[in-house]
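Sequential numbering of the sequence shown, starting at 1, is according to my numbering.
By construction, these hints were calculated from the structure, which means they are not laboratory data. Incorrect hints may have been included.
Subject to a maximum C-alpha distance of 25 Å in a straight line, what follows is the list of computed PhoX-like cross-link-like pairs (lysine-lysine) [claimed, not checked]:
hint	residue 1	residue 2
1	K745	K356
2	K421	K371
3	K513	K13
4	K1138	K12
5	K839	K876
6	K490	K421
7	K1138	K1113
8	K323	K340
9	K12	K557
10	K975	K1029
11	K554	K570
12	K731	K340
13	K644	K1161
14	K1129	K724
15	K839	K806
16	K13	K23
17	K570	K626
18	K849	K440
19	K1021	K1039
20	K356	K421
21	K575	K529
22	K839	K33
23	K340	K371
24	K724	K277
25	K911	K978
26	K421	K457
27	K644	K978
28	K809	K876
29	K513	K529
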Amino acid sequence: MEQPEDVAIHVKKEGSRTVIEVKGKHIVLSGVKPRIEQLLSSSTAQEVHILAGTSLSIDADLSRDVWHGLNLVVLANEITVPSTITWDVSGNDSNHNYAANAGTSEDGHGKDGNDGYPGESGGNVLLLANAIQNPEQLTIISNGGNGTCGQDGGDGEDGVDAYNQCNWTDELVLLQLENCYKRQLQEKPKWRKYMSKIENKAVLLVFSVQFTQNTYGNKLMQNLFESLVEKRSELTHSMLLNVLSCFHKQKWNLCVDDLNVLKQSNLFEWIQHMETKYKKDLKELNISQIVTIIRGNDNTSSNIVKHLSEIEQSVANIQHNSKTINASLISNFLSNDVEKWAEEFQSSQNMRCLEKYEEMLAVIDRAIELKRGFQLRNTQRLTVLALLTNHNSTLAQVSTGEGKTVIVVAIAIIKVLFGEKVDIITSSSVLAKRDADDNKDIYGLFGISVSHNCSEKIQVRKEAYSSNQIVYGDLGNFQRDYLLDRFYGKRILGDRSFENVIVDEVDSMLLDKGNNILYLSHDIAGMDKLESVYLYIWQMVNTPTDLSEDELVKEIKQSLLSDMYTLIQKADIQKLSKSLGKSNVLELWERLIKSGIINDSGRLQTQAIDSNKLEKLLSPDFTQYKDRLSFFIWSRIDRETNVKVPNFLKEFVERHLDSWISSALTALYMVPGQYYVVDVYRSGTSADRIANVIILDRDTGTDQVSSQWDEALHQFLQLKHGCKLSTQSLKAVFISNVTYLKKYKLLYGLTGTLGSQRERHLLEEIHQVDFVTVPTFKSKQFEEYEPIICSGKDDWLKQIHQEVSKLTKTDKRSVLIICETIQDVETLQKNIASKGHTKVRIYVRDYEKLDVTKGKLIPGEVIIATNLAGRGTDIKISDALEEAGGLHVILSYLPANIRIEEQGFGRAARKGERGSGQLIIMADGRKANLSMIFTLKQKRNVDELFRLSAIKAYYKTTIKTEENCFEAFNELYEKKMKLLANAETPEPVKDILLQSCLDRWSFWLDENNVQIGKASDEASKREVKQRLKHFLLQFDDLKATSANNWAAWVEENPMQMIKLGKYISEHESEHRDTALQLFGKVISSEPCFCEAAYYYRAYTRSLDNMNIGDFKKDLRLAGKLFDDHIQCKVYALGIVSKQKDTAILKNTTTVRNTMSEDYEKQNNSLINLYSLFIRSIDDMLGHSISPESFVNYEIKEDVAGIIFEDL
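Start from the sequences and build out the full structure, keeping to the hints where you can.
Below, the structure is given as structure tokens:
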């Protein structure tokens, strides 16, 4: 097996995108191309990343028939093109044509035809390298697919062509400039010629990317850009980065006056002017200044701008404490005055208007002052009124540390006082619980009840929704309860009607997780029988080998299938006799297939050989081989096997086998503390204290306790650590983030980082939202230090320690270090603590408390945390720490996008305080230099562009297609529910029959997953619709008038057949024949997994006039199968125990500490259960006697055998 430093190829999820990632030091394209193309054919990947640490040899063509429309990112230190190579990622032509012309209008003229269907867009190709050898030998073709002819005229629209060139950095810069200007650049060849003369393109790329990330809008930034271009002779790289940093960190604001000064002075004078004007002004902006900045910001929607003048006056009125009610100043209200006002307000008729909002906000402002000791700031008041006066859904960018939490509280109170209910979505359940509990006192003044939906108990959540006007929760919890309420009829939501949703950290919900879909896990009975497959794969990937990864995957797959199926090959027939020629072998092979003994693949189709049937197929010319062939087939049937899978799951296993083997290899190298931990669930609400694999959300740092990785990755990690093995779940009931949020009448969102213009356009198009960007209430006092790029882990630890020592000991400051993984946190803690730092604490799990959020951070303290501290955490600092320079944030890794980076740095310099931040990151084994930060951010921004471009397309194709399928099934499911209800079907039966429908639906979705994922054009969407229609037709003939009709619902579902048969035998005595038939079908279809069918068939026989012989036979056969299962469990325990011992010997203390005994406990429990069944069978039959029963110190085994025979 290749070691981790060799080439690794994996399919992974990046948000909603499926990406094939190829990583290695030295990569030769021809060596990895076959594996990539195999994965492309078996997955929904539309993007390939090739990351070569040292070199990449492009020595193979890429053909359009496989690589059409794909996005390809190549990152290497050096790229070599040894010969003439062509990469063709052009889009496919559209194959949709109109069946008829547009027809004739009433006036006799022909109608205009519709345009033709567009072809597939060409793929994007990006190559990033320090050097490219022989680039002229590489030709890249990326034409859009041809559109079809228009209906009666209009020609089809072609896909987007990609420019064929080698300098991809130039193209990306031009793309960013177009994004900044919001229009295509004219005369692009001249631009490219100009670009070729610029040496430091990396700086220019960062420059252009920064424009799309700013908070001032395109209009102002375009004017600034043009002014800087005019002064380019004065502009140095350091001056450029300084200017960008000041705007980006909002140290400076930008207005028309500042641009006029720039035009009239030299660059140095202008920078001095800006430094003087915005020099650490600790005064709050007045409302007039705030409104001026917002009005001049091109990012502010016109619907917001038109209300700004009135809002300005309202905020001024509140600020000056001039609002009165019944001649009493609101600013003098006490708690009982607020409570009285709220009661009177809710009992009277009130118009929704700015004047009324002003009064309400003044009272809320006073309530916050009474409970918190401070008033709202003008920026907060303006944000509340701007969102409420706009009749559209609105997203507000409010910088980190500017008090978004109380803005949310104020909006929610106003909405509830008008008789509406409010759902508040946070980025994690930790924040939901915190905000719901911390703000109860403010809500309580207004008679408003608040709770959260983070409990595991349905009844507790029901009460939360029905008894509280405001409910906090993370998005997944709201989606879960919606599906349980609407699909499963659990009646959780009560009378909530999707009026208002407030989304805190809205960028995380709509952008970072924009294409996420919540799937309620659907557990199918019998999936636990896949354990032998997992064990077989896990045992083989743990066995040392010299095979490459591709070869190993192929060997494991072939070996497992040979074990799972009884295979007969042509070579086996040849061995029957040396006299058999090739033609004889082929003739015999064909006869075996026609007789149904084997299929085309050589898989045995029967578990018993009919001697007469065999003789018939061999007659007349091969009858002499009957005995030999019969013996051979029986020997294959009776062979010992390790992989035992129910027949109804074998197709499912084959569909997923490649992915499962890849998952096992991934699990082999995964380390706890990076993407997952092994721990018990510590929420305090669960009685389950069993250690399990818990996924960590890298964006938020939170535990994803209710989530599992798919494609058996979770199961392989459980085997690795000896955890209780869970069953794989299939998707059946689901809803996307987009679809769920679209259900609300009004969506209000707040975040410190709404992102680029491209991201805003995406949100505007999908969610139809307006925007407002609110400036900080004081000039930002954040300073970003020069990043440090480290050449390796030792250097990284050294640099971080040096910075921490200088900051805490010399500068008397405190430091927050944000790490990517728990493993990094623990490594840094150990390193820093070993050097004499005593004030070090860590924050890595969401059940822990970061206690400085209640008190105040003092100088000299060090906090090391995951991104759990990077979003939504308000770290209060002492006066002494503020005097020393405030909190310093070290980001020890490069976040996935600029928004997460800003959220991390946003823990410092909050509320007008001083603070600073710095990137100290590893260069992944490459030679470190400062300019590398540009390359790293360049790649990050490219990945983000690809991700954003995929969000809309993925939503409109895959997500909508899948949700349309679910909608159609849901309609049928509801009809079947009504059918069963009208027939007064008993509840237990109803559950069995509907569960069977869901099982069939889950398997259909799984079977058609690839087709749904590729439904990007009308033809493929029609194909999915046709398949769905054919599937749904299977349910048309299902009836429920009597027990005789029920069996049709559970066909091909042996586990549900057993449940139904058991119910019928107990409660429908006149239909016990139906129960016996059901048990018989299971026994026939699942001979190795029919112990329950035998057992309950015996039970059913005992209820009537039974044949005692058949009764005993069924029990004995059931007992044998139970005993077989016990042996399998003992075998499994041995494998896992051996692998655990090996892992502990090989690995570190970290791995040793994550080993669990729960797998052993789980299997011992099952062994005990099977033993109970066997004992019950023995009790019914009488205990069996064997020769061993007579063996003792006087009677030996041979004598015992004679005694047994005589008896």
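(request) Of all the hints given earlier, name the ones this structure violates by number, lowest first. (result) 4, 7, 12, 19, 21, 22, 24, 25, 27 and 29
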